[in-house]
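Produce the entire structure from the sequences given, and follow the hints as far as they go.
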Amino acid sequence: MATKPDTIYFFGTCLVDLMYPQAGVSAMQLLQRAGVKVIFPPAQTCCGQPAWNSGYRDEARSVARAQIALFPKPIPIVIPSGSCAGMMKVHYPELFAGQQDEAQAVDVASRVYELTEFLVDVLKIELQDLGEPLTVAVHTSCSARREMGVADKIESLLGQLSNVQRVEHARKPECCGFGGTFAVKEPEISAAMVLDKVTHIRNTGVDRLISQECGCLMNIGGVMAKQGDALPHQHIAEFLWERTHV
Amino acid sequence: MTSTFRQTVRANLAKPEVRANFYRAMDGLMTRRLDQFPDKAELERLRTQSMAIRANALSKLPELLETLEANLTRNGIQVHWAETPEQGNQIVQAILERHNAKSIIKGKSMVSEEMGMNHFLEALGIECLESDLGEFIIQLDGETPSHIIMPAIHKNRIQIAKLFHQKFPDIPYTEDVDELTQTARRILRDKFYAAPVGLSGVNFMVAETGTLCLVENEGNGRMSTTAPPVHIAVTGIEKVVESLSDVPPLLSILTRSATGQPITTYFNMISSPRKVGEKDGPEEVHLVLLDNGRSNIYSDPELLATLRCIRCGACINHCPVYVRIGGHSYGTVYPGPIGSILEPQKAGLDVHGELAQASTLCGACSEVCPVRIPIPSILNRLRYDGVRKDAANTNTVGSGKRRTLSEAATWKTWAWAATHPTIYHAGSTLATRFKGMLPTNLGAWTTVRSAPKLAESTLHQQVKNLGVDHE
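Residue numbers (the UniProt record's numbering), protein chains in the order written: chain A, 1 to 246; chain B, 1 to 471.
Among the hints, a few may not be true.
Straight-line distance between alpha carbons at most 27 Å, and here's what the computed BS3-like set of lysine-lysine pairs gives [to be verified]:
id : chain 1 : residue 1 : chain 2 : residue 2
1  : B       : Lys464    : A       : Lys226
2  : A       : Lys185    : B       : Lys412
3  : B       : Lys464    : A       : Lys73
4  : A       : Lys172    : B       : Lys40
5  : A       : Lys185    : B       : Lys389
6  : A       : Lys124    : A       : Lys185
Hints were generated in silico from the structure; no laboratory data involved.
Below, the structure written as structure tokens:
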């Protein structure tokens with residue numbers, strides 16, 4: 001997209017809605033501050049990914065169809081999650097292949113942006129860090145990294161914050177073991193993965209963990225909470241807003 | 001009910017030494033692969049080229065197999081077709097009987113593992129000796145490979161030293177890798193010369209020339225295909241490529257993806273038995289081509305990509321699930337991501353469909369696959385096939401057999417709530433308002449994690465105060 005759009009749709013995702021609403025609020029505040037009008041269709045629920053990944057395609061399609069109907073205007077759809085953005089951008093066209101509403105699904109897919117991607121590539125946002133010196137570790141979700149190919153955007157946003165120092169952890173690109181229903185279906189393997197991830201992150205000694213994925217945060221943060229002494233962890237939008245608003 | 005897979009996973013997760021062996025080994029392999037591809041653009045070009053070569057071969061598979069058979073036969077190599085592992089074993093048995101052979105020395109062959117050949121022949125009183133060092137080690141311990149390239153990767157040096165000492169008590173105990181290797185080498189040398197039949201796998205079969213290509217590092221492949229008077233090669237029907245010029249790119253990306261080697265130590269091209277006037281080489285060469293479900297995979301355009309695999313094991317090396325549970329947990333010949341798509345298709349979703357669930361779909365496998373097999377997409381498709389109601393519409397074996405009433409009902413209820421915003425909002429509002437009453441024990445989830453905390457109020461509720469257009 002060459003020019004900055006006046007208006008965008010915001011899709012909040014069900015995890016943000018229920019667990020991390022502050023991430024959604026902050027994301028919309030960042031967008032509004034950048035001069036973009038935000039539309040939040042109230043009938044939105046879930047992108048349909050849990051059923052899609054579990055093989056229940058008919059159920060996934062009916063939920064996806066309900067979402068597609070909410071974004072009729074030819075404007076971008078911004079999503080504060082790599083995995084929900086990946087579902088809409090990559091998998092909606094697969095899910096609706098050969099269906100009568102395929103063209104509509106492809107059109108919606110073509111307008112989807114993951115939040116950090118939109119902030120960096122479309123809005124070319126410039127941030128001024130107003131916070132105290134802080135060290136952070138970044139966990140990029142696998143969907144943001146591979147499906148959407150936008151893992152560098154969170155890094156570039158954090159790189160703009162002069163008082164924030166990023167510390168790399170061991171096996172950084174490795175999955176945290178959430179994988180939606182995987183954590184429920186294969187709890188032992190998931191536990192082994194997330195426990196290692198938590199150890200690697202803790203070993204950095206950082207002040208905070210930042211990610212663009214609430215699923216990963218819920219998984220990693222859940223372990224830290226169970227272990228006691230949870231490292232503060234935040235969605236990138238919440239962190240950026242906290243660091244840059246007066 | 002706890003499945004066999006789950007039980008094995010639990011048992012293997014509880015072995016810290018094995019987990020540490022895998023973790024260390026896979027870290028090393030990932031680094032070595034990365035070092036081989038300093039130029040990202042070159043890697044991507046080579047992946048695209050390799051994918052195209054394999055896709056081209058598969059697009060003409062029946063035709064290329066006919067050409068291959070004609071050219072191999074012209075070269076004096078005897079071609080045998082086996083639809084099932086049993087037929088494959090019987091073909092090998094018949095060749096051995098004709099030569100009155102009571103032993104066989106084997107180079108590395110995953111297809112022979114797929115056929116359960118050692119077990120089959122040993123039941124007939126035929127000694128099968130593995131000559132690949134890793135295979136030799138696990139054979140000593142009565143195990144199966146835990147990796148397709150490095151079969152004994154689950155063992156460390158000390159474990160191997162103890163195993164050798166137990167099996168060869170006359171040889172002084174040592175933990176020195178070179179000395180251990182020399183011990184195996186001494187034992188195997190005599191066997192190569194004495195064995196009446198040598199067996200190997202195949203990496204690529206060239207249709208236009210009728211050539212069998214074999215990639216290896218230890219020289220045992222060369223020995224087992226040349227020293228004994230009879231050589232039997234076994235492989236899957238998909239390993240064919242069209243022309244000789246297809247081989248160099250595949251060879252280059254295979255070794256670099258697999259072990260991080262710029263090139264393999266030995267590259268054998270077998271094009272005929274010993275010719276008149278030649279001093280060495282086998283007098284007879286046979287090729288056994290195994291189908292074992294491959295034709296069925298071939299018949300589905302979406303699943304066909306599975307057959308592009310060149311068995312480098314890069315997906316295995318990079319899989320966060322494999323590195324933790326190890327190859328034996330899969331309970332299959334091929335472990336890791338490639339095993340999780342190949343084995344359920346071969347044996348049926350009712351038998352190995354659970355493997356398709358054992359992935360977070362993180363995509364690390366497809367990111368490194370040298371022939372760009374979309375492993376997560378195929379996993380997703382197999383999950384769908386496993387639970388679909390219209391199982392008759394797909395050729396995938398075992399389709400629909402993983403569908404349970406309770407799971408289907410759960411998704412149906414979920415879809416109903418998520419397509420009725422009023423219900424969804426009422427539910428989420430109620431949940432956040434009364435979150436203190438929600439359970440804190442969520443079974444498997446809360447074994448290592450605290451229960452997720454619902455927010456004080458949902459985003460839907462908060463959005464009204466933001467001045468956001470709530471149209």
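Against the structure, the hints:
A C-alpha spacing of about 34 Å is found between Lys464/B and Lys226/A, which places the hinted pair above 27 Å, so the restraint is violated. Taken as a hint, the Lys185/A and Lys412/B pair is honoured in the structure, with Cα atoms around 18 Å apart against an allowance of 27 Å. A distance of roughly 21 Å separates the Cα atoms of Lys464/B and Lys73/A; the hinted pair therefore holds under the 27 Å criterion. As the CA atoms of Lys172/A and Lys40/B are separated by approximately 19 Å, the hinted pair is consistent with the 27 Å bound.
Taken as a hint, the Lys185/A and Lys389/B pair is honoured in the structure, with Cα atoms around 21 Å apart against an allowance of 27 Å. Restraint check for Lys124/A and Lys185/A: the C-alpha separation of about 40 Å exceeds 27 Å, so the hint is violated.
Hint violations for this structure: numbers 1 and 6, all remaining hints satisfied.
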